[in-house]
Each structure stands twice: as C-alpha cells, then as structure tokens.
Amino acid sequence: PERERSAHQALLESALSFSPRVEDAGPGLALLDLGGLTRLLGKEENLGPRLVQAVASRELRATAGIGSNPWVALLAAKTASEVTVVPPGTEGSFLAPLPVSLLQPSPEIFKVLQGWGIRTLGELAALPEAGLFERLGEEGARLQKLARGEADRILVPHVPSPCFEESMEVEGSLDSVEPLAFLLASLLTRLCARLTARGFAAGAVVLALGLEDRTRYERDLKFPYPLREPKALLSLLRLELESRPPRAAVESISVKALPVLPRVVQFSLFQPPVPAPEKLSTTLARLRSLVGEENFGSPVLLDTHRPGAFRLDPFTSPLRGKETRWQRPQPRMLAPHLLWMKPVRRIRSYRASTRLDFREQSKNEVGAGLALRLYRPPVRAEVSMENQKPVWLTSDLLSGGLLSCAGPWRSSGDWWNENRWARDEWDVALDAGLYRIYRTLAEDVWYVEGTYD
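Take the sequence shown: its letters are residues 68 to 520, numbered as in my numbering.
A hint or two may mislead.
To be verified - Subject to a maximum C-alpha distance of 20 Å in a straight line, what follows is the list of computed PhoX-like cross-link-like pairs (lysine-lysine):
no., residue 1, residue 2
1, 145, 212
2, 289, 212
3, 145, 178
4, 178, 110
5, 323, 298
No wet-lab data here; the hints were simulated from the structure. A quick note: this is a predicted structure, and the numbers were derived from the prediction, not measured.
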C-alpha cells in the first residue's frame, strides 16, 4: 500500500508538470486538460510519449490516452499498449469493439445486458434510446452516452499536497546500514525528481523507520541550504544513521521532504567561488555527529540581562531569498570569548587607590575602555572576605592576596520563573593582573569570570 500511494502521488505530480488542471481519477489514474497547450507543448501526437517519458523518469511505467472528452481519453489510456490518440469525430469507431464491462455498470444492469446479448459498446450504442430509457432508466441512458463517446464533464481539479513523501515496506528486515542506504537511494531519487518537477527543494527531511520491535525510529534533519540532490541527501541521512543507529531491524522506510523555494545566487566575476552548498550541509552533519546535537548550532543572544545567556539555533543560510514557515530568522552571532566594555566608574576607583601600580592613562585612553577576556566556563574559586570585601582568592587558575578591589555591582533577573538569577560582581587586582570575579547569591559560590587585557 505504501508503494502504491507513492506511485499514485508521483503520477499526479507528473501530470501537473504538463497542465495546471489535473483530476485525481482514482488509484493509478490521472486526467489532464491539455486545451490551449499545443502551442507550448507541441502536437497532440507528441504529447503522449512525453507524458509516458515523464512518468518513466520516476521509475514507473504508464500508458497514455488522448481524446476529445475525459471518458474517451480514460478508455484510450486503459486499452493502450503505450499511447493512443483518438481524433475528434472517431470516438464511436474507437469505442465500438470495447467490452461493456469497461463501463462498470451495476450488477443488475450488467446481467440484463448480458441477457440481451449486448457484449460490446458498439452494440449498446446501437440500441434505441427511448426503449433503453424505458427499461433501464437514467442509468441506461447514461451508459449509452458513454458508449457513443458523447458524455462530457468538467474536470475536478486536484489540489496537491505541500508535503512530499516516499515510503516502502521492506521484504524481511534490515539490520545494517549498507542495505538500508541502498533502498534510501531509490526513495530519494524519486523524491528529488518530484521536488524538481514542482520547482521545489527540500528545506528539511523527516526519516521514519518502522522497526522489528514495533517501535518507530524518527529523525528530523533541517538544512541550512535547500537541497534536491539525491547523493547529498543520502550522505546526510547515512551520517545520521551511523551516528544514531536504530535499536532494532528495519521493516519499513518513509522519507518526507518539506518543500521550500530553491536558492538562486548570482556569483561575482571578481570574487572566488563559494563552496558547493551540498558540501556545506555534509560538513555540518559530520560536525554534528562529532560534537553532539546539544553542542551544535549558531549561538543567539537571549532577551535577558543575564550575562552570557544564549541558545543554539540550527544554522540557516544568509543567502536565502524568501522566508517560508519552515525557515527561522537569521540568528545574531555571539562573540563567546571577547567582550569590549567601558568600565569608566571602575577604572576611576582603581586610579583613586594608592595600592595599585598602574600606568597613567590619558582621558582618551580611559574612554577607549578595556577588553574583558572571558573564561568559558568560569573558573570555580574560594574567596576570603574581610569587612565585606574580598581579600584573598584561591582557584585552579590563580591564587594570592588581592591588592585592591572595586565593587560589588549587583545584578539579577528572571525572578518570575524558574531561571531566576542574582549575583555580585567585583573587579580585583592581583600581582598577575586585573580580573573579574563574581558570587552567586543563591548558592553562595565564587567564580573567576575573566581577565582584563
């Protein structure tokens, strides 16, 4: 059933690549309105082979029929070896030798027709209209119009789904990556062909595996650049399977792609070419498998006064043209190791102290500020206090008596939720240089946060 649904979806998408008016006529059937498209696509005799070839590019075999109304075209496709074209005015001669069973009459009417000796559509079309209506009613009159090729109707347009999916059931079970990757290559080839036919690329891929222990293995991969190359997608899924293999043998495979508009870039004649986007996605996937999902992403500053507060968002390409609902806004980069500040008040406190041996600075130099080089993570320390001021510091990084100190500067926030925080900061001077230390008020723990350059 999964393969049949995927094949039917591929058939509809092949039809949509030729005409915007397509009807889903049932499993394995699609009706197209080709009116007005002959100038664009060529003569009707050439449209049939092109339709068959479009379906064959998705690893499917199809037959095509072209007629003046949907019913004639449908019967032409069902009875054709490959392509059948029924010219206008020849519908009766084409339908005459076909069996009555193609009309799919009700069992009661079919039994009556068999009793009358009606075996073909030509024999049904030759019956008197009035007598047929008296004996079989409206259903009989409708079947006769179909047999004569006179029935016509308006197509019911098919609204395509925005999600592209390929699925298959595995014969037996797969317990290693190699045979699983072989089947994934086939699914991704068909999936990328469907995306390309609709003018889309994959912004994300969801891999779902049905396992032998009745559980499901699901992975959601979001790409910084829209992809529609089967080899690139296969490399990314294979890396994900190797880093986080399923815990049981695989019995079914499903791959779903979220469509986005592909990126179009005009490269410069005077700048070196950028790396291929497929290589970028593969490199990011390898990094993710090395450092772990929780340590991989683009740091984004949080809307809070808490020092060093940030989160990791998935990487997104800054060259994407149009935002979609699956894309996130471009994150702001956080400089994790160097923070420039202008601690004018603190510097004045240092200069007022007689215990500090600092070089005299002009006002312009003071206004330029100092650079605070942060430690990631902060260094745990033990601090001795005297008269509510720190006088001695001990840590794995440095130890010794404090020549002078300035502070404290208290800050707090997020008191309305479970992430509340509060701390006192001090700027201290040791023989080794200037440092910033702070104490968390909730845990009463000291840390060395960084050093001033």
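Inset, instruction - Please name the hints from earlier in the document that this structure breaks, with their numbers sorted from lowest to highest. - result: The structure breaks hints 2, 3 and 4; every other hint is satisfied.
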